[in-house]
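Note that full-length UniProt numbering has the sequence shown beginning at 1, numbered continuously upward.
Treat each hint with caution, since some may be false.
[Unchecked claim] With beta-carbon atoms standing in for the labels, derived distance ranges: (1) Leu29 / Leu78: 19 to 29 Å; (2) Phe31 / Pro6: 30 to 40 Å; (3) Gly28 / Val65: 21 to 31 Å; (4) Trp151 / Phe40: 31 to 41 Å; (5) Ser137 / Val66: 21 to 31 Å; (6) Val123 / Tyr77: 37 to 47 Å; (7) Asp36 / Leu78: 20 to 30 Å; (8) Leu148 / Gly28: 14 to 24 Å.
No lab work stands behind these hints, which were simulated from the structure alone.
Remember, it's a predicted structure, so these values are computed and weren't measured experimentally.
Here a beta-carbon is modelled for each residue, glycine too, at the ideal position from N, C-alpha and C.
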Amino acid sequence: MRSWSPYALLAVIAIALDQWVKHLVETGLPFQEKLDLLPFLALFRTYNTGIAFSMFSSLGDTGLVVIAMVVVAFVLYLATHTPSGHVIARTGFALIIGGALGNLIDRAVYGHVIDYILFHTPVWSFAVFNLADALISVGAALVVFDELIGWRREPKSSNAKPSDAKPSNAKPSKD
């Protein structure tokens, strides 16, 4: 269990940071008023009653909480079946779990998720999201990246035929 301590700590820090930022947003940012930070980045507090991009909002709070718990359980399963040498993947799983639990807390306490980050241009805007969503995305990217570099870690199969190989007890030839 000791090998999981840094990852559990990372997930707890992610949850705490997410909840702290959401508290600051709730107490200091007007609802649905854009506060431009950069020409393409604004703070915009709104509530997401669904999952990503408000999908599945018709399921209600209980259904969405159950879906989130199933996803967290599945990611925990994947994480526990990941070899200890896959630090990047384990870090990714910790970020996914931390972000998912941060949003799950919102849904369980408020009945919605607090979103506040808005990327936009004068003619286009991305969906409003939060730190937990960003952690989930970064975590997923780390898991995928670890899988990609994992393919490079695997030994290449040789093209030698089994009949070409010498048995381990064979004596060297005197050619």
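- Do the beta carbons of Leu29 and Leu78 sit within 19 to 29 Å of each other? 35 Å, violated
- Query: Lying within 37 to 47 Å: is that true of the beta-carbon distance Val123 to Tyr77?
  - Reply: 43 Å, holds
- Message: Quick check on a hinted range of 21 to 31 Å for Ser137 and Val66, using CB atoms only.
- Response: Roughly 22 Å apart at Cβ, these two residues keep to the hinted range, so it holds.
- Query: In this structure, is the beta-carbon distance linking Phe31 and Pro6 contained in 30 to 40 Å?
  - Reply: 38 Å, holds
- Beta-carbon spacing of Gly28 to Val65 - inside the hinted bounds 21 to 31 Å or not: 27 Å, holds
- Task: Using the Cβ atoms, figure out if Asp36 sits within 20 to 30 Å of Leu78.
- Result: 39 Å, violated
- Item | Assessment of proposed distance window 14 to 24 Å (beta carbons of Leu148, Gly28) | 40 Å, violated
- Message: Between the beta carbons of Trp151 and Phe40, is the distance compatible with 31 to 41 Å?
- Response: 35 Å, holds
The structure shown violates the earlier hints numbered 1, 7, 8.
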